[in-house]
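Sequence lines, in order, name chains A and B.
Under the working numbering, the letters of the first sequence match residues 1 to 340, in that order.
Under the working numbering, the letters of the second sequence match residues 1 to 300, in that order.
Keep in mind that the hints are not guaranteed to be accurate.
To be verified - Per label pair, the in silico range of CB-to-CB distance:
(1) B:Trp68 x A:Glu62: 24 to 34 Å
(2) B:Asn216 x A:Lys169: 17 to 27 Å
(3) A:Lys169 x B:Gly167: 47 to 57 Å
(4) A:Gly131 x B:Pro204: 33 to 43 Å
(5) B:Lys211 x A:His321: 45 to 55 Å
If you're looking for bench data, these hints aren't it; they were derived computationally from the structure.
Don't be surprised by glycine CBs; every beta carbon is placed ideally from N, CA and C.
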Amino acid sequence: MLNPDLKLNAKLFDKDVDQQPIRKGFGEGLVLAADANKQVIGICADLTESTHMLAFRKKYPERFLEMGVAEQNLAAAASGMAAMGKIPFITSYAMFSPGRNWEQIRTTIAYNNQPVKIAGSHAGISVGPDGGTHQAIEDIAILRVIPRMVVISPCDANEARKATIAAAKTVSPTYIRLAREKTPVITTDDTPFEIGKAQIFFAPPEKKYAKGERGTKYDAAIIATGALLHKALAVAQDLSSKGKSVAVMNLATIKPLDEEAVIRLAHDAGAIVTVEEHQIHGGMGSAVAECLAANHPVPIEFIGVKDLFGQSGKPDELVEHYGMGEMHIRETVQKVMVRK
Amino acid sequence: MAPTQSPQSLTEDKIKLLEGKALDIRRSIIESLIEAKSGHTAGPLDMADIFAYLYFHALKHDPKKPDWEYRDRLVLSNGHICPVLYATMAHAGYFPVSELMTLRKLGSRLQGHPHREWLPGLETSSGPLGCGLSQAVGMAIADRMDNGRSSSKQFYCLTGDGELDEGNNWEAIMLASKEKLQNLTVIVDRNNIQIDGFTEDIMPLNPLADKWRAFNWHVQEIDGHNFRDIDRAVGEAKAVFDKPSVIIAYTIPSKGIPAFERQFEWHGKPPTTPEEIDAARKALREVRTFGGRVKAPDHD
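This is chain A alone, in the form it adopts within the complex (with noise of 0.2 Å):
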């Protein structure tokens, strides 16, 4: 059942679940953010309506800043205007920043420790017809391992509201996951946000064991991260009215690891599946094997895409070919379940 103490959205299994774009909290986030600290300033890379930029640059042109198609430049620059005292959020589509300016990135403002805020947008598989090229599905994995970025992959509009605000608020260099296509909101403006922490979405009746036997609390557990936690929770749910008790973990943040909720997750479950609209290969699933392999070694599955390139599609049919809709996802959990 879902954890009634994180206030999640009652219609979450619906068939009509209110649905809004991951990088729409973005902007909404950001104004609040602004709102709040006039150091907080915008910088974009010619993307400013479709990375949700427009409500800031409308309420405080002031403070925003139109790069151009200049990915290395927007990096940098931000950087030079956080050492200025500003918190400069910079956005364009992942696959630009950071893919392309992955080396600014790491050195003026990872290595400089500058509190720049990175929003890529457009990530994951799922943006769908604009194809291959334009598909971000490796910059979890480029990003988390540059010492002291913070890396966030929020689950659904609300979060990355709130993940924007909170990001603000820190002088650490962050990336911001965020998606373009209209995704089911899974939490509300109730839910409790923080950087660092991972929740338990869906906790099942635990395991009921005779006398003298012990086992895990649950059959499984599946650590889900972005908006491809709605069909974890979605297949968590099936499974829990078909009798197997397998529990949901949102890892809103991937980096840093909430290593303490990840080992008591492994222990609980005794089997983890991961799932993520990124390559498997570095990635959030990675981070969590990284974790279990030298805490709990358990038995971990990875839902992810297996070492392609995306191509043009609809986004529903893309995350279907390539490995990450519910029947997958409830298969691996039923493989990773032999494996105890």
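Since the structure of chain A is already known, use the hints to place chain B on it.
Just chain B now, kept in the frame of chain A:
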């Protein structure tokens, strides 16, 4: 545009003092490189006069208060010439001159390429080429957001010439002219060399001044070893109102050590053999300038 005099007067006595500082800086560069046994020689030596001019005449700064809010900002984009930055900062009083002997050693604040967090007085970390100007442009824009066009701060960015191969520079060059950053001055070390050879063989930059002009910058070309030239150009750059300025400073690689001068091979190595070390030390007992020969003080 008619040349404009710097508001600060550069007297004969001041020039003598700067020549002495430049010599001290060159000797410290060489001694720190000899001790480090790695690092770059040509660029640091050829920029010693400009560094002496900036830190001992032009810059508004306080070595005892490196984070003073109203200081001018100097961004070194070609971080590999940091031996000249470190030597200048030490002689200006940011840290003891003796610390220069820790260059490139484990735990040293004087990293092989500058690391802002470790050494107060550095405005940025640099080394990977082509992104210092972006940062200086960002600094100037942020300052204007806070202080408007009448800000008292000057923003300087020093770049190499080979570094201009990097596309990131031209993104920044476009942005600076779009934003009409009149308090931004770039000084290009036009020494005509880069690691693999002469710039015009590797990737021709000429007509370099025309390129900057085409991007709507105020352009001056000077002798980078002549303090009067440097002073006049920096003064004029400050006086230009509606454009950023670039000063293309023609320099002689490894300036001050005739045996190494004009040879691109000295871009990225220090003197290591007894003969090289001897030649460097001897030459720096007396340093040449375009204006003639200047006697070295009797340090050794």
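Hint check results:
no., hint, verdict
1, B:Trp68 x A:Glu62: 24 to 34 Å, "holds, 26 Å"
2, B:Asn216 x A:Lys169: 17 to 27 Å, "violated, 39 Å"
3, A:Lys169 x B:Gly167: 47 to 57 Å, "violated, 35 Å"
4, A:Gly131 x B:Pro204: 33 to 43 Å, "holds, 37 Å"
5, B:Lys211 x A:His321: 45 to 55 Å, "holds, 48 Å"
In summary, the numbered hints that this structure violates are 2, 3.
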